[in-house]
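Enquirer: The listed protein sequences correspond, in order, to chains C and E.
Each residue of the first sequence is one higher than the one before, starting from 1 at the first, in my numbering.
Each residue of the second sequence is one higher than the one before, starting from 1 at the first, in my numbering.
No lab work stands behind these hints, which were simulated from the structure alone.
One should not assume that every hint holds.
[Stated by the list, open to error] Cβ pair distances, simulated, as ranges:
hint: 1; chain 1: E; residue 1: Leu96; chain 2: C; residue 2: Asp39; range: 39 to 47 Å
hint: 2; chain 1: C; residue 1: Ser26; chain 2: E; residue 2: Val55; range: 18 to 26 Å
hint: 3; chain 1: C; residue 1: Thr18; chain 2: E; residue 2: Glu14; range: 44 to 52 Å
hint: 4; chain 1: E; residue 1: Leu84; chain 2: C; residue 2: Leu74; range: 38 to 46 Å
[Claimed, not checked] Incomplete in silico selection of chain C near chain E, CB under 10 Å:
hint: 5; residue: Phe11
hint: 6; residue: Gln38
hint: 7; residue: Lys45
hint: 8; residue: Ser49
hint: 9; residue: Tyr70
hint: 10; residue: Asp77
hint: 11; residue: Leu87
hint: 12; residue: Gly101
hint: 13; residue: Thr105
[Stated by the list, open to error] Pairs of lysine-lysine, DSBU-like flavour, derived with a Cα cap of 30 Å:
hint: 14; chain 1: C; residue 1: Lys2; chain 2: E; residue 2: Lys78
hint: 15; chain 1: E; residue 1: Lys78; chain 2: C; residue 2: Lys42
hint: 16; chain 1: E; residue 1: Lys62; chain 2: C; residue 2: Lys79
hint: 17; chain 1: E; residue 1: Lys16; chain 2: C; residue 2: Lys45
hint: 18; chain 1: C; residue 1: Lys42; chain 2: E; residue 2: Lys15
hint: 19; chain 1: C; residue 1: Lys79; chain 2: E; residue 2: Lys15
Glycine is no exception: its CB is placed at the ideal position from the N, C-alpha and C atoms.
The lines below spell out each chain.
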Amino acid sequence: RKEVEQDPGPFNVPEGATVAFNCTYSNSASQSFFWYRQDCRKEPKLLMSVYSSGNEDGRFTAQLNRASQYISLLIRDSKLSDSATYLCGGTSYGKLTFGQGTILTVHP
Amino acid sequence: EAGVVQSPRYKIIEKKQPVAFWCNPISGHNTLYWYLQNLGQGPELLIRYENEEAVDDSQLPKDRFSAERLKGVDSTLKIQPAELGDSAVYLCASSLDWAGEQYFGPGTRLTVT
């Protein structure tokens, strides 16, 4: 079993939709969690950091459930520009482990 | 503020040849990481430096891969000899310290033929 697992998708949603991704982790020692966005042939860019129960930034909300060992990312009012791969990662003693990413396509 | 700089951006070599990648982290960032990313996968850590010390190189294939960060700033990752399976994107990232948020460079796309 991989340490961090994500549904690879793809998720295809219309503009304005709300979409949620889940990410599960197996290492209970994981301390911090991150969501990165990666556009095709580009580097991952930090979207949100999750240190406690959750974080919200505009249309994006991340939630952490330590009991069930999962992190979620909710995107409200999806834009065409949200189309990308979303990577979930968890750190344990400085080592960041990523899931394989979830592909999101927002269509008109 | 300048981001993480990597060069070259693209490299095509024949198998068994050596190759080197260079990374300059964000100014003031003490921790530097090298990752490998295959198509359709998330980045996988190869090595982590705290200043000039390699504190986690457990995933680095030491028979052919080597890395250095001599003055605690720039870093070089080398592969010698390269194999076909080494074709991937090599990403460098940096953070203020081991617990900080990581910021990635644009990566080097390596193709081994």
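Enquirer: Hint by hint, say whether it matches the structure.
Expert: Hint check results:
Between Leu96/E and Asp39/C the beta carbons are some 25 Å apart, a value that contradicts the proposed interval 39 to 47 Å. With their beta carbons about 23 Å apart, Ser26/C and Val55/E fall inside the hinted range of 18 to 26 Å. Between Thr18/C and Glu14/E, the C-beta spacing of about 49 Å keeps the proposed range 44 to 52 Å intact. Between Leu84/E and Leu74/C the Cβ separation comes to about 41 Å, which falls inside the hinted range of 38 to 46 Å.
Look at Phe11/C: its Cβ only gets to about 15 Å from chain E, farther than 10 Å, so that hint breaks. Using the Cβ-Cβ criterion of 10 Å, the hint placing Gln38/C at the interface with chain E is satisfied: the shortest such distance is roughly 9 Å. At about 7 Å, the closest approach between the beta carbon of Lys45/C and any beta carbon in chain E falls short of 10 Å, and the interface hint on this residue holds. Checking Ser49/C against chain E: minimum C-beta separation of about 6 Å stays under 10 Å; hint holds.
Interface restraint check for Tyr70/C: the shortest CB-CB distance to chain E comes to about 16 Å, outside 10 Å, so the restraint is violated. The beta carbon of Asp77/C comes no nearer than 26 Å to any beta carbon in chain E, farther than 10 Å, and the hint placing it at the interface is violated. For Leu87/C, the shortest C-beta to C-beta distance to chain E is roughly 5 Å, which falls under 10 Å, so the interface hint holds. At its closest, the beta carbon of Gly101/C sits 6 Å from a beta carbon of chain E; the interface hint therefore holds under the 10 Å criterion.
Among the interface hints, the one on Thr105/C is violated; its C-beta lies about 15 Å from the nearest C-beta in chain E, farther than the 10 Å criterion. Of the pairs offered as hints, the one joining Lys2/C and Lys78/E holds, with about 27 Å between alpha carbons and a cut-off of 30 Å not exceeded. Straight-line distance between C-alpha atoms of Lys78/E and Lys42/C comes to about 22 Å, which keeps the hinted pair within the 30 Å bound. Using a Cα cut-off of 30 Å, the hinted pair Lys62/E and Lys79/C is violated, with the two alpha carbons roughly 44 Å apart.
Only pairs whose Cα atoms come within 30 Å are accepted, and Lys16/E paired with Lys45/C is rejected, the gap being roughly 33 Å. At roughly 25 Å between alpha-carbon atoms, Lys42/C and Lys15/E fall within 30 Å of each other, so this suggested pair holds. Of the supplied pair hints, the one linking Lys79/C and Lys15/E is violated, its CA atoms being roughly 43 Å apart against a limit of 30 Å.
The structure fails to meet hints 1, 5, 9, 10, 13, 16, 17 and 19 from the earlier list, while all remaining hints are met.
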